[in-house]
Amino acid sequence: MLYNLALYVLLGVGLAASVGFLVLHHPRHPFRITEVNSSGWVIIIGLIYSRSVVLLGIRGAGPMGPWWDTVLSLGLLTATTALLLVRFLSYLRYLRAHPEDPPMAP
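Numbering (the working numbering), first residue to last: 494 to 599.
Errors might be hidden in some of the hints.
[Unchecked claim] Per label pair, the in silico range of CB-to-CB distance:
1. Y501 with E593: 23 to 29 Å
2. D562 with L498: 14 to 20 Å
3. N497 with T527: 36 to 42 Å
4. Y587 with L548: 22 to 28 Å
5. R552 with A590: 39 to 45 Å
6. L495 with L540: 24 to 30 Å
7. P556 with A590: 44 to 50 Å
8. R589 with P556: 30 to 36 Å
9. E593 with S566: 23 to 29 Å
10. A575 with A554: 17 to 23 Å
11. V529 with P559: 35 to 41 Å
The hints are simulated quantities; they were obtained by calculation from the structure and are not laboratory data.
The beta-carbon is built from N, C-alpha and C at its ideal position, and this holds for glycine as well.
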């Protein structure tokens, strides 16, 4: 039960950070290489997280394996979620530091 709760919290926070970044970072030309570099991995991880939340809701967590398997999976999920949070918070800091930046010219 605690494992399921940890998965829901980590996936929910990561998904919220991913969606928040994508809502704030609405590029005018989304298929330019710089835009793909800045938001492509966030989109991919967001899709994986949303799929994982749906599957966790349908099937629940699998049977518990060895302790090191659980620690490794939660550790990697925590690290990925932390990267998404850093991306979201650093973009918020950038927006606060540059409020006068005009939108990109076409």
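- Message: Under the constraints set out in the numbered hints, which ones does this structure not fulfil?
- Response: 1, 4, 8, 9
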